[in-house]
Amino acid sequence: MPAKLRVKDVYKIFGDAPDKALDLLAKGETKEAIFESTGQTIGVQDANFEVEEGQIFVVMGLSGSGKSTLVRMLNGLIRPSSGQILIDNDDVASCSADKLRDIRRSKIAMVFQHFALFPHRTILENAAYGLKIKGVGATERRKRAMEALEQVGLGAWAESLPSELSGGMQQRVGLARGLATEPQILLMDEPFGALDPLIRKGMQEELLALQKSLKKTIIFITHDLNEALMLGDRIAIMKDGRFVQVGTAQEIVSTPADDYVAAFVADIDRGRVFTAESVATEPSVVDLDADTAGDAVKAMEDQNLNALYVMDGQEIAGVVTYQQAAAADRESGADDVPLKDVLITDYPSADADTQLADLYERASTGLPIAVTDTDNRLIGVVEPEKVFAQLSSETPTEAPQPEPDTVSEPDRQPAL
Amino acid sequence: MSPSDLLIIPFDDWVNTLVRDWLVPNFRPFFRALQVPITLVLNGLDDFLAFVPMLVVTAVLALLAWKYAGRGMAIFTVIGLFFIDMIGLWPETMTTLSMIITSVIFCAVIGIPVGILAARSDLMWKIVRPILDIMQTIPSFVYLVPIVMLFGVGMAPGIIATIIFALPPIIRLTNLGIRNVREDLIEAAESFGSTGWQMLVEVQFPLALRTIMAGLNQTLMLALSMVVIAALIGAGGLGLVVNTGLGRLDVGGATAGGVGIVILAIILDRITQGLGTQNQVQTVSLRETLVSLFRPRGKIATTEPGKAG
Ligand SMILES: Nc1ncnc2c1ncn2[C@@H]1O[C@H](COP(=O)(O)OP(=O)(O)OP(=O)(O)O)[C@@H](O)[C@H]1O
Ligand SMILES: [Mg+2]
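Chains as they are written, first to last, in the UniProt record's numbering: chain B, 1 to 416; chain L, 1 to 309.
Quick caveat, the hints were computed from the structure, so don't treat them as lab data. Remember, predicted model here, so these are calculated numbers, not experimental data. Hints are not guaranteed to be accurate.
As the list claims (entries may be wrong) - FRET-style restraints, in silico, Cβ to Cβ: (1) B:Ser213 / L:Arg179: 15 to 25 Å; (2) B:Lys8 / L:Thr137: 54 to 64 Å; (3) B:Asp23 / L:Met1: 54 to 64 Å; (4) L:Asp122 / B:Ala26: 49 to 59 Å; (5) B:Ser106 / L:Val201: 34 to 44 Å; (6) B:Asp23 / L:Ser2: 57 to 67 Å; (7) L:Leu23 / B:Thr139: 39 to 49 Å; (8) L:Asp133 / B:Thr139: 42 to 52 Å; (9) L:Ser121 / B:Gln84: 29 to 39 Å; (10) B:Asn89 / L:Ile134: 50 to 60 Å; (11) B:Ser106 / L:Met54: 34 to 44 Å; (12) L:Trp197 / B:Ala3: 51 to 61 Å; (13) L:Arg179 / B:Asp23: 52 to 62 Å; (14) L:Ser121 / B:Gly167: 31 to 41 Å.
What the hints assert, rightly or not - Pulled from the structure, derived: some chain L residues nowhere near chain B, Cβ distances all over 10 Å: (15) Met1; (16) Ile9; (17) Ile105; (18) Gly193; (19) Val203.
By construction, the Cβ of each residue, glycine as well, lies at the ideal position given by its N, Cα and C atoms.
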């Protein structure tokens with residue numbers, strides 16, 4: 001897919017002598033050192049990234065890391081000190097005021113952390129603001145704003161004032177106001193930062209649900225890594241105005257680029273980042289009719305497994321455990337105990353993108369989990385211990401060596 | 001030994017020369033022309049208020065007081081205005097009222113745009129601010145003389161003196177109101193591609209309106225306090241009644257004029273204060289307006305958008 005937004009070599013220095021600061025930056029000085037010696041603040045340095053159409057690109061970092069500065073440069077609220085910001089092929093960083101206004105009216109909208117709703121306007125008028133600015137006529141404006149409000153489930157509140165709504169509802173109005181002009185790009189600066197955890201969770205889910213149909217290009221700012229991991233198709237981690245790592249949720253969690261990222265990742269809920277697919281292995285199976293319990297025991301001994309899936313043609317018939325198969329084999333004394341006699345038909349299964357957190361319970365049966373596709377065919381098997389190993393993949397390296405810098409050792413990279 | 005032994009600056013002569021020999025001969029027609037719009041508005045209002053029967057004016061003011069300041073104030077308005085009429089000062093009160101309204105109209109017409117410009121440009125504010133400081137510290141008697149020399153005596157010069165005296169608060173508070181509009185709202189408006197004008201009309205002005213109305217109220221009060229001084233240079237009305245009483249040592253006459261001014265001041269103050277806290281009710285329909293007209297004031301003012309900030 002084509003890149004909707006391309007950011008090239010963007011720097012933003014706050015202060016009256018950006019050149020001096022840029023020089024020092026090139027010499028490798030840190031943000032603090034530059035501020036002490038020149039009084040110039042590094043807002044953003046060396047930002048380079050592309051966002052594809054329909055993607056959610058999350059920028060995550062601590063307070064003061066330059067997230068707001070970055071996102072405000074994307075719609076020209078802040079002009080960069082140098083670099084290019086290309087939306088389609090227009091450079092927001094250097095275009096005229098007229099052109100910039102045009103881009104803001106037609107292509108890019110913003111949702112704010114503290115909602116920034118106009119207190120003197122009704123919810124409907126708030127949602128219609130962008131359309132009014134564009135010069136859309138009153139009836140058309142009303143209709144489209146109403147549609148946007150209905151998308152976020154607030155149609156009934158059209159005539160209320162913002163002060164009559166709760167925080168979560170106000171932010172939905174903020175979202176509706178952003179969506180009403182039908183922009184291709186949506187900038188969201190910590191949109192859920194001011195909301196209670198529970199409401200925030202609901203809003204995240206709602207945003208993902210909306211995005212399924214809207215397919216906007218979204219730049220989403222947050223300082224909450226869990227939020228970043230949940231929403232982001234790609235995630236950039238920022239520190240002191242610089243990107244320290246850009247990648248998918250799983251890349252960031254499994255291979256943090258440096259200690260800074262690793263420290264973040266250390267206490268996130270890995271069960272929500274990794275899916276069944278990421279720990280599944282090629283299934284090795286036995287056939288219900290062709291093979292006997294003895295064959296299964298032998299196969300398990302060869303592959304050092306505790307259980308095996310049994311197939312009936314293309315269908316999963318069930319699972320056999322080593323214990324039962326071996327016992328049955330021993331008791332009968334013969335070589336031809338049919339698999340049917342030791343088959344467990346109540347086996348655990350999961351979709352490829354089931355989160356590991358949801359596999360805990362299934363894994364605790366001790367049986368391997370069948371990973372199936374939409375046609376219910378076996379595409380992989382998750383060994384229960386793999387689930388727990390992935391969820392607690394800190395432990396093996398941390399036990400002998402408590403130093404934090406061991407976290408990026410390659411041997412603890414999970415299979416992806 | 002003092003500096004005056006070394007050098008005497010003939011400051012008063014300089015000012016005399018500036019005003020008498022330069023301003024008056026060269027610019028008198030210009031200053032005379034300035035009065036024209038003021039006279040026009042004033043005469044219109046004065047004729048109108050003289051033409052409308054006393055009871056109608058009272059009814060309108062009482063209704064306004066009821067809507068914006070509650071029932072008690074409406075009753076006070078009726079009693080106060082009846083009292084003024086009964087002590088025989090109704091025509092003078094109407095003259096004063098039209099002078100006040102004219103002054104306030106011109107203060108608003110000049111002050112609000114200047115305040116807006118000052119709010120949007122730091123340079124402009126740097127220029128305007130010291131001028132306002134001077135306007136507010138110079139005793140009003142000081143500029144009465146040059147005003148008389150430039151404009152002559154009469155109603156219009158009186159109003160010009162009043163405007164100079166009453167202008168600063170509306171400029172200051174317009175500037176303040178617009179500068180105090182929340183930064184994130186400005187950013188939001190900008191992010192949707194608002195032009196400077198759209199920003200002003202859609203966001204800044206409506207949100208600053210309460211503060212601007214507070215400025216208007218202060219301007220109005222200052223204008224009322226100039227009534228007596230303006231009468232010194234020929235403006236009529238209640239001020240003249242007070243001055244005449246003063247000249248003749250007629251305590252009764254002076255007090256009657258003073259009481260008239262106080263009653264008028266209280267009524268106008270309460271109505272404009274009410275206006276200031278009310279105008280956050282946006283785009284009310286005609287029906288709502290009528291409903292709110294007959295509703296006690298306390299209930300309307302509960303949703304204050306300003307609280308969010
Ligand atoms: N207008 C400004 N003038 C000077 N320095 C600024 C300005 N705006 C931001 N900065 C500085 O730039 C840096 C980045 O600020 P920014 O607001 O982008 O951080 P942030 O990541 O959004 O933080 P937060 O999570 O608190 O919103 C900070 O060091 C800040 O002090
Ligand atoms: Mg920020």
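> Which of the listed hints are broken here?
Replying inline: 1, 4, 5, 7, 11, 12, 13, 18, 19
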